[in-house]
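Given chain A, put chain B in place with the hints provided.
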Amino acid sequence: MATQQSRSAARMMLAPAVVLLLAWMLVPLIMTLWFSFRKFLPLRGGDLGFAGFDNYTRFISSSAFWPSVQTTLIIVGGVLLITIVLGVILALLLDQPMWGQGVVRILVIAPFFVMPTVSALVWKNMFMDPVNGLFAHLWKFFGAEPIQWLSQESLTSIVMIVSWQWLPFATLILLTAVQSLDSEQLEAAEMDGAPYLKRFWYIVLPHLSRAITIVLLIQTIFLLSIFAEIFVTTGGAFGTKTLTYLIFQRVLESQNVGLGSAGGVYAIILANIVAIFLMRIVGKNLDT
Amino acid sequence: MGRITLKQVTKSFGDVEVIPPLDLEINDGEFVVFVGPSGCGKSTLLRLIAGLEDTSGGTIEIDGKDATGLPPAKRSLAMVFQSYALYPHMTVRKNIAFPMRMAGVDKAEQKRRIENAASVLNLTDYLDRRPGQLSGGQRQRVAIGRAIVREPAAFLFDEPLSNLDAALRVGMRMEISELHTRLKTTMVYVTHDQVEAMTMADKIVVLRAGHIEQVGSPLDLYREPRNLFVAGFIGSPKMNLLQGSEAEKRGAVTMGIRPEHITVSATEAAWRGTVGVSEHLGSDTFFLVNLEGYPDPITVRADGEVSLHPGDTIHLIPDESRIHRFDAQGLRIP
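Chains as they are written, first to last, in the working numbering: chain A, 1 to 288; chain B, 1 to 334.
What the hints contain is simulated information worked out from the structure, not anything from laboratory work. All values reported here derive from a predicted model rather than from experimental measurement. For every residue, glycine included, the Cβ atom is placed at its ideal position computed from N, Cα and C. Among these hints, one or two may not hold up.
[Stated by the list, open to error] Just the calculated beta-carbon pair ranges, DEER-fashion:
1. 183(A) to 304(B): 40 to 48 Å
2. 38(B) to 198(A): 29 to 37 Å
3. 97(A) to 119(B): 39 to 47 Å
4. 56(B) to 198(A): 24 to 32 Å
5. 103(B) to 209(A): 21 to 29 Å
6. 82(B) to 3(A): 41 to 49 Å
7. 103(B) to 18(A): 54 to 62 Å
8. 183(A) to 281(B): 22 to 30 Å
9. 142(A) to 56(B): 41 to 49 Å
10. 141(A) to 82(B): 25 to 33 Å
With the rest of the complex left out, here is chain B:
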């Protein structure tokens, strides 16, 4: 079991309120990702759940029991840190055994769980090495192993992939997702990378300055961002946001359209512009297009092998059904 409920939780450091009153429900078995720009309070929120920071107000319930005042060790949560926080003077085996040693699990059971975790995480050959002799990805797996053996109610991940190189990050992303499917334990994952959020989450919590901007499944957030912030944050490349006549024509102050919902047309069409910088990724090409009458260029996705050159005039057809409209407060107009 691992149901976590936050009720009116606040956190202040001195006079600075980092997290204004906040409610959140995390269901058993869910993979929840907290995502937001740096300094938005997502790590603080995770540390509040972990018990490494005290709340300034409100209550945290784990499985229906009030855990607000409980020390971290009593909350049956396991955490994987950004720096992995492995104990450098202990072997991998001892690192993984440490939480069980503290809990007084008997030796045979310890051995069974270590071997189990090691085989799940492909660490069997490295059990007698020290963390210093392992690669980044292996250290990451040891940190996860140390969390698994405690058989916690929920796992907390604090930006666990940010110290890995790009290729390894994709691999570890898959491994963590697989782990979640296998263990079916609640996972709370903090990241600033919206790609990680989109690919891994059952439920994304978008945070800005301690406020929850929107909670929902990745596709909910993609299809119906509740406001301009979420619209600009979720999706890669970013959604194009236009003001002025085009927006007014559609009855909005700001209109948004994603690069993948604009089609390049050979003939005269709704929009006309000149091609600026282009990025060829092979499968796709992204163009920056300077629309007539707009100071900022918009991004357009086209097929990988379209050949357009800077300075070319192109015609664009926006997909009217995928246009997002926002009012003066930046909220979505349904």
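Isolated chain A (complex conformation):
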């Protein structure tokens, strides 16, 4: 795109996509902002006029708000930790030559293809059911009292389900990064006297840092808005109400669009705070 002409042609051709994207983003955002300043109760009179900052103060002063923020952060943090640690380990294992490599790799990716609703229901009914679940049988086999996963260990359960879904994604990205590591570097480190763990720490892990950053950023975006897994398992009970779920309850269960919209704006702010922190911590990995 060197000449004046090709530059303007490029702009022309990009314009439809840019306009469409802007509309796609801006229309919902402006509508959310608009509704957040209205008293809008669809089943109790509809749009009842301007409400000022009333929705914002009511949303934040609700007793459910701070616990929901905390729950959101715990789920995001927990899932990130589990998927990245296990993802690195799995990637290193899958990189080893073994019999049936192709099949194993497909099996590892498989959970990612299962819809969130389905996988959450499978976990809820097949594994975590306190009477018929596999875990219950396992606990009974060892003579222990089965755990009532979704009520006693509700947050752990959700983290487990969501981690299971996202582990393939992390593994896949990290596996490609592991495969791109120059084997001569590892051999050089071996000649230099570094045993396996030190080779991992000084050579492999720095090599993976960029891939880990990407996994971290992409997963955070999606994890902040998980919904189906909570909806079909605990329904937001037992301390599993995330900010997203709280907004859903305000809009659909309390039929208060204005209040929910204000929550949506808070969710945007939370996402940005998380993003700023993440970029501060890991963003420099993307530069080099």
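Chain B in isolation, oriented as in the chain A frame:
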């Protein structure tokens, strides 16, 4: 000290035997070059010595001690890789310090050795850069620096110059030779380039399909190649190999004569031919000459400023004392 002895060493990958039983003695302080066409097993042999591959049989001794089962780090050998294998996320200083850090050398000693290596290799100004910010030649020197600081018994080089451009390669060749004269440490060097082998080696090991074809000093190999393969491999341009009547006249199946041992004559002489393609290098000129009665042209060296044109008839005098004779098995007839 750095004496390496290979006794009946073999290596197979699955059913394929890459290196049939092989014996080799590398003396302390020697600059040994393994040379051969690609796929001849020279890199595999180096990796066996380094310990990066396990031997399938035989023993490797370093300084008289059996090192066959030792891990690479315990063999006190340092290796320079073809791709340099620098650690991209570490500065030059940290790259060079890495082996010492792994060995637990104390900080002051580390610093002393790094500065020493950096001044030897002209890297002092680049110590705080990353490998990505260095040129090919500088990266090469960092890789050598990383090897030097370990003060190893022997250095192993795996085609270290093949990623450099021609001019830089000549320079680095000199630097490595100088380094060897200064350190007097054993060096084992793998290359497919016979010019590198001839210019650097104390001892050349010519390999083909895992077999050692000949071991000797560069001039030994040049003067008395043991067989046709070595004759054709060592020397640039290649030795002319002729069969038929000329060879039979001298009691051989194949005769060889190097381009530099043929003189162009103004008058009628032993051989007559027509000039084909010529390469003018300034100092020398190489002609391809179609000899009468031979399908393949031979190469002839002449002075740089001889003017001959394609199609000219020329007369050639081979230097009878420099003719190599080979029998039906391709072995040298003394």
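Verification of the supplied hints:
no. : hint                         : verdict
1   : 183(A) to 304(B): 40 to 48 Å : holds, 47 Å
2   : 38(B) to 198(A): 29 to 37 Å  : holds, 34 Å
3   : 97(A) to 119(B): 39 to 47 Å  : holds, 44 Å
4   : 56(B) to 198(A): 24 to 32 Å  : holds, 29 Å
5   : 103(B) to 209(A): 21 to 29 Å : holds, 26 Å
6   : 82(B) to 3(A): 41 to 49 Å    : holds, 42 Å
7   : 103(B) to 18(A): 54 to 62 Å  : holds, 57 Å
8   : 183(A) to 281(B): 22 to 30 Å : violated, 40 Å
9   : 142(A) to 56(B): 41 to 49 Å  : holds, 48 Å
10  : 141(A) to 82(B): 25 to 33 Å  : violated, 56 Å
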